[in-house]
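*Asks:* Chain by chain, the residues run as shown.
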Amino acid sequence: MRSYLLKRLATMVPTLFGITLVTFALIHLVPGDPLTATSDMAQAGQLSRESIEAFRHAMGLDQPLHLRYARWLGRVLTFDFGVSTYDHRPVADKLAEALPNTLLLSSLALFFAYLFAVPLGVFSAVKRGRLVDRLLTSGLFVLYALPSFWVAIMLVLFLGGGRYLDLFPIQGLSSPGLEGAGLLARLGDLAWHLVLPVFCLSYASLAWLSRYVRSGMLEALGQDYVRTARAKGLPERAVIARHALRNALIPLVTLLGLSVPHLIGGSVIVEQVFGVPGMGRLGFQAVLTRDYNTLMAVTTLTALLTMAGTLLSDLAYALVDPRIRCS
Amino acid sequence: MPSRSPGAPALVLAACLGLLLGSCKRSQEAPPAPAPGRAEDRPVPDEHWLEGRLPPSVLEGTPTSGGTLIVRLHADPPHLSPHVLDPGDLTATRLTLGRIYEPLMRIDASDHPRYRLVPGAAESYEESADHLTYTFKLREGMRFHDGEPVSAHDLVATMDKLLDPSLPTASARSSFLDVQSYRAVDDLRFEVKLKRPYFLFFRQVATTLPVMPKHLLEKGDFRTNPIHRAPVGSGPWRFAGWKSLGQIVLERNDDYWGRPPHLERLVFRVVPDHTVAAQLFERGEIDLMTQIQPAQWIDMARSPRLVTDYHRVRFFPKNYEWVGWNQKRPVFADKRVRKAMALLFDHETFNRTVLHDLEKPTTCHFWHEGPDCDRLLRPLAYDPKQAERLLEEAGWTDGDGDGVREKDGAKLRFTFLVSASSVFLSKLTLFLQESYRKAGIQMDIATAEWALFSKRIHERDFDACSMLWGDTDVDSDPFQVWHSSQAKGGSNFVGFENPRADALIEQARVEFDPERRSALYRELGRILYEEQPYMFLNVRPDLDAVHRKVKGVRPSLNFYNFDAIWLDEPAPRARQE
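Those sequence lines, one after another, are chains U and V.
Numbering-wise (my numbering), the first sequence opens with residue 1 and increments by one.
Numbering-wise (my numbering), the second sequence opens with residue 1001 and increments by one.
Just so you know, the hints here were simulated from the structure itself, not pulled from any lab data.
Treat the hints loosely; a few may be bogus.
Unchecked claim - Computed spacing ranges between beta-carbons, pair by pair:
(1) E1148(V) x L146(U): 33 to 41 angstroms
(2) H1074(V) x L146(U): 26 to 34 angstroms
(3) F158(U) x T1415(V): 40 to 48 angstroms
(4) A145(U) x A1075(V): 29 to 37 angstroms
(5) Y164(U) x P1330(V): 55 to 63 angstroms
(6) H1074(V) x L103(U): 24 to 32 angstroms
(7) L103(U) x A1230(V): 57 to 65 angstroms
(8) G1409(V) x V30(U): 30 to 38 angstroms
To be verified - Here are a few chain U residues that face chain V, going by a calculated C-beta distance under 7 angstroms:
(9) L29
(10) P31
(11) F55
(12) G162
(13) F168
Where a beta carbon is used, it is the ideal one built from N, C-alpha and C, also for glycine.
Sequences and hints are given; from them, build the entire structure.
*Replies:* As structure tokens, this is what we get:
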């Protein structure tokens, strides 16, 4: 187990190196640079050649690519992500601001998706082929097909006040003017603000997760050990919960590991609509403004967490399934 | 400023306004299907509301002190330094210049459309007879928001940073390229010397150079200096807080040398999504709603509350949309072809059906309400017959009957390059494509996101493109856009080269008499009209709405006159505890 862990950790180093190298090369291959991407046309037209050169020099953009990569790598090894070329803030500050918001939103979304997906999938599998299963299947399929930008806008229009129901706040994560209120009031306010964005982030994964649970359950229910359990006279409830479900959950562990990058990747659309400053917007804006330092920080962090997620789910396998050994 | 002869141009202007407003009513008064039985309850919008003009009553009454005004912003600015730090950001400038940072002279927001200057941080100035030396005399006793006194040394420090080529201040530096030297004559007098006289320099230095505090500016690394996110100036508003993607708060500076603002606090609320912003606006959470989308603007008439509680504001700032034909491409080298392109575009129908007649057609590069525009130049009328004659004259005929004209074996075909994020352009290009197809011209559409679009335009790697030129001051120099020297590297993207135009532009740069300069610019305008390097489109309005309790409010070229605004009912609102 220990040697397995060490081996896995050791392979992560070259993988991470490869990912950053390729990303670094790719984002510098994209046409445009921070200056043309951020100045408007009139300004850009007025910039003299010397000004442009000076800017490129100040940003270190006049160096050859491999030197820039080497310098970037050297800095990152000391956890220095540099300064944003867009707003001149330390990238670490920008990450520290965006990451908690995104983590909060997406971990809640993931939690609720699993919370509802497992019982729905089990129910659906047990009632396989009946009307209720078919209704549930089509309902979830429709849910899965709805694009989140549309759902988000519809929720805002119909539940966010104005001409229809005024049930939920629709902007940001806190109400203006509540800064001085008590902790409980602020937590309640936060929860209230989270309802719509968390729903938008979770409904689609709820749909496909519950499908996984359903098919896993169906497979498990057809196994010999389930027949044995039934044959020895166990109540149906115990057969499903103890014998079938535990086996059906194994694939979910993989999925959980794979959801880690989504956890910190954030969602551009949901963040944009609900005005949440998170990782999705940060990365998206960095692409548009050719903010190389921020972009590299976001991709490196995502790559790192993806690898950590896969490793964790592999380890978790060994825990939930005694047949799997890590070696 | 010159006084125009009050004859023909004024009449033409009036006629044009009448036409615009008339057609505007047509499209907007079409009442939205009312709910049965409720039609009588619906408040009827008055003339002012429909046209988006503020009624005179907004300016009446006695100002009261206090209260908070909540203004919607579309995006967080990258920083809060006016012009000083790249990227030069319009929002940052609008929020800080003249508000947190005091310029030497202020552009008088209530002086529409002339926008003359009034004293700001400088109580007076001297200009040498050769227009090479400007000396500004600062007011005595001014203090920064942190209590430190303001002196001419602060201006020198600000200038030092702007002109330092190793700093990311490129966008600001371009305004001060002609500066020979500058110094503090004494604590209150700031002197700038120029290499050569330039008519625009005075307005540039007087209105765009912010007075930034030397003692903070010179602390540490300029790029990451906290002053860019928590500005400290000497203007009528002091910075009170900025939560990323939330709000920027300014508070009244009671130590201001002049009359402090009536309002206690200005809150700029950042709401990136237009639909969500409209929703917050309908909930009553925004007092001054900005950047209303055309569809929402028209839809506002359906909401009784928006009609009774708000004024709509349709203000035409200094800008114009244009379509540029790259003259370095053989297809557009001939001015007859360029003119035909304009004649084939049914501008009026496009404005009515696609833009709901919200925009104002223009043919002028300059401030459309100023004396630099020749108002006799009307937009070219839709005339496909004449266009076809011109194309045939230029040698473009459809000999092989495939529906596309050709000349010397080459097809009349071009690609329209569009920056991907523009809704306006996606509509315009489809409209043009169809118009040109009928006349035997094949137009392809290529989209690119902004950074790539910008790169291709700068490398002149396009056939046709469309953009909007905008500016926040009435005076500007057409040199960057129209002088032949700017065809390589400058903003003369379309490669317009005309010796007479060059001469006019150069002459105007050193012409200090505004009336004579306007005459030169009007002649330049006539050349542009004749040569059609651009197809001039419209002035695009700012579509805003302001709550009826907000008084003294005026739109201007540089956002609103927040200093003069007061609230009619400063009773605190429930949500502001």
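*Asks:* Can you let me know if the beta-carbon spacing of L103(U) and A1230(V) is within 57 to 65 angstroms?
*Replies:* Distance hint for L103(U), A1230(V) is violated at roughly 27 angstroms.
*Asks:* Taking 55 to 63 angstroms as the hint, is the beta-carbon distance of Y164(U) and P1330(V) inside that range?
*Replies:* holds, 57 angstroms
*Asks:* Using the beta carbons of E1148(V) and L146(U), state whether their distance is inside 33 to 41 angstroms or not.
*Replies:* violated, 57 angstroms
*Asks:* Does 30 to 38 angstroms hold as the CB distance between G1409(V) and V30(U), or does it fail?
*Replies:* holds, 37 angstroms
*Asks:* Range hint 29 to 37 angstroms: satisfied by the CB atoms of A145(U) and A1075(V)?
*Replies:* holds, 31 angstroms
*Asks:* Hey, does the G162(U) contact hint survive, CB to chain V under 7 angstroms?
*Replies:* Nearest chain V Cβ about 4 angstroms off; hint holds.
*Asks:* Would you check whether F168(U) satisfies its interface hint, that is, whether its CB is within less than 7 angstroms of any CB in chain V?
*Replies:* Violated, about 11 angstroms.
*Asks:* Cβ-Cβ distance between H1074(V) and L146(U): within 26 to 34 angstroms?
*Replies:* holds, 27 angstroms
*Asks:* Just to be careful: measuring from the Cβ of L29(U) to every Cβ in chain V, is the smallest value less than 7 angstroms?
*Replies:* violated, 12 angstroms
*Asks:* Using the beta carbons of F158(U) and T1415(V), state whether their distance is inside 40 to 48 angstroms or not.
*Replies:* Given range 40 to 48 angstroms: holds, Cβ gap about 42 angstroms.
*Asks:* Is the interface hint satisfied for F55(U)? The criterion is a beta-carbon contact with chain V at less than 7 angstroms.
*Replies:* With a closest approach of 5 angstroms, the F55(U) hint holds.
*Asks:* Taking 24 to 32 angstroms as the stated bounds, is the beta-carbon spacing between H1074(V) and L103(U) within them?
*Replies:* Distance hint for H1074(V), L103(U) holds at roughly 27 angstroms.
In summary, the numbered hints that this structure violates are 1, 7, 9, 13.
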